[in-house]
Structure formats: structure tokens, C-alpha cells
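Peer 1: Sequence:
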Amino acid sequence: MAHLSSDRISTFPEQRVQRKTWRSRLSYLLNSSSSAPTSGTHRRSHRPTIEEVRQWAQSFDRLLSHKYGQTAFRFFLKSEFCEENLEFWLACEEFKKIRSPEKLASRARKIHEKFIKTSSPKEVNLDYHTKDSITQNLRYPSQTCFVGAQKKIYIIMENSCYPRFIESALYKELCAMASGARVESRLKNWDNNLRLQVELPVGPL
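The numbering used here puts the last residue of the sequence shown at 205; the count rises by one with no breaks.
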């Protein structure tokens with residue numbers, strides 16, 4: 001009979017708290033907007049259906065284009081300590097909408113300082129030539145300043161992070177919750193993965 005070390009045993013209470021926090025935040029993710037008050041008589045729930053959640057597995061674009069799919073993916077990336085990829089991609093999407101030259105220049109510098117500059121707070125994984133090209137473009141920034149870098153990060157997420165998300169316990173639990181199934185019974189099937197392999201953040205998104 002195998003024996004667990006005292007270190008492993010001592011971490012179980014914390015891991016149970018993490019799983020409880022995860023389930024609470026998933027419930028909030030699926031239910032918050034549907035219970036929020038709305039003005040007028042046309043109240044519409046944005047809670048994802050089981051069909052929508054399943055569609056997230058059809059393509060990365062479908063996942064990113066859905067409000068809650070994007071939030072769930074960001075939650076997953078935080079658990080893998082690589083949320084900066086999605087944050088950079090979203091920052092680039094907003095950057096392309098800017099029309100004012102002054103605001104464009106200011107935002108370009110902020111994005112560079114946060115995501116591109118070496119040893120920046122949330123530096124993304126880009127090659128030297130891509131980073132150098134962005135640095136040069138900062139002199140006269142345009143809406144296409146980050147297009148090349150954004151595509152590279154998108155490919156990283158699509159080929160690496162996205163498949164892991166679809167295979168993750170998080171996505172399976174989202175499917176279960178969206179279908180109205182009893183999540184607790186399903187959790188037992190992959191409790192070891194949740195308890196021993198996945199370390200989830202407990203702070204706010």
C-alpha cells in the first residue's frame with residue numbers, strides 16, 4: 001500500500017479550497033449575467049447554452065468570439081501562468097480601433113512597456129526580430145504596428161493553449177454545468193487531476 005508524504009497530505013486542505021473556489025467562480029461565470037437586473041421589458045440572458053459551450057471546441061475563433069468562452073479561457077491561462085498571451089492579443093484588438101494619432105502613439109508605448117520590452121511585467125514570447133520591428137515602429141506608430149506580433153501570439157495560443165483548454169477539467173466542468181448536470185458526481189472521475197495536477201488561482205480574474 002502506497003503512503004503519501006506529510007508534505008502531500010498537508011497540501012490537500014488548500015487544494016480542496018482551490019477546487020471549491022473554482023466551482024464557485026464557474027457558477028458565477030455561468031449565472032451572473034442571467035441574474036443581473038436589466039432595464040425595460042426585454043430581458044435577455046447571456047448565459048451560455050450547452051450548444052454554445054460545445055461550439056468552443058470547434059474552433060479557437062468560436063471560443064474567443066464568445067464573451068464567456070473568452071473569460072473561461074483567460075481563467076485557464078491564469079492557472080497555467082500564461083494569461084499575458086490573451087491579454088496582449090486583446091490589447092492589440094483594442095489598439096486597432098484607435099483613430100487619434102496621439103492616442104495611438106500613447107497606447108503603443110503602453111503596450112510595448114507592458115508586453116514587448118525585455119523583462120516587462122507581462123512579456124510575451126516573441127523572437128528578437130519581431131520585437132525589434134515593433135520598437136522601430138514606435139517612432140511612427142500605425143494601427144498595424146502590432147499585427148505581426150499579434151498573429152504570432154494567436155498561433156501560440158491556438159496550437160498550444162487552446163487544445164489543453166479543451167481537454168482540461170475546467171472545460172469539462174463548464175460543459176457539465178451548462179447542461180445542468182450534477183457536477184459533483186462528474187468531479188469524482190478526475191479528482192486526482194484537480195487535486196494533484198492543477199493549481200488554480202484563488203484571486204479575482
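Just so you know, the hints here were simulated from the structure itself, not pulled from any lab data.
Take these hints with a grain of salt, some might be off.
[Unchecked claim] Heads up, simulated DSS-like pairs for lysine-lysine below, C-alpha to C-alpha not over 30 Å straight-line:
1. Lys-97 with Lys-110
2. Lys-110 with Lys-172
3. Lys-151 with Lys-96
4. Lys-103 with Lys-172
5. Lys-131 with Lys-172
All values reported here derive from a predicted model rather than from experimental measurement.
Peer 1: Now tell me, hint by hint, if it's right for this structure.
Peer 2: Going through the hints against the structure:
1. Lys-97 with Lys-110: Distance of about 16 Å is within 30 Å: holds.
2. Lys-110 with Lys-172: violated (37 Å)
3. Lys-151 with Lys-96: holds (13 Å)
4. Lys-103 with Lys-172: violated (41 Å)
5. Lys-131 with Lys-172: violated (37 Å)
Hint check: violations occur at hints 2, 4 and 5; the rest are consistent with the structure.
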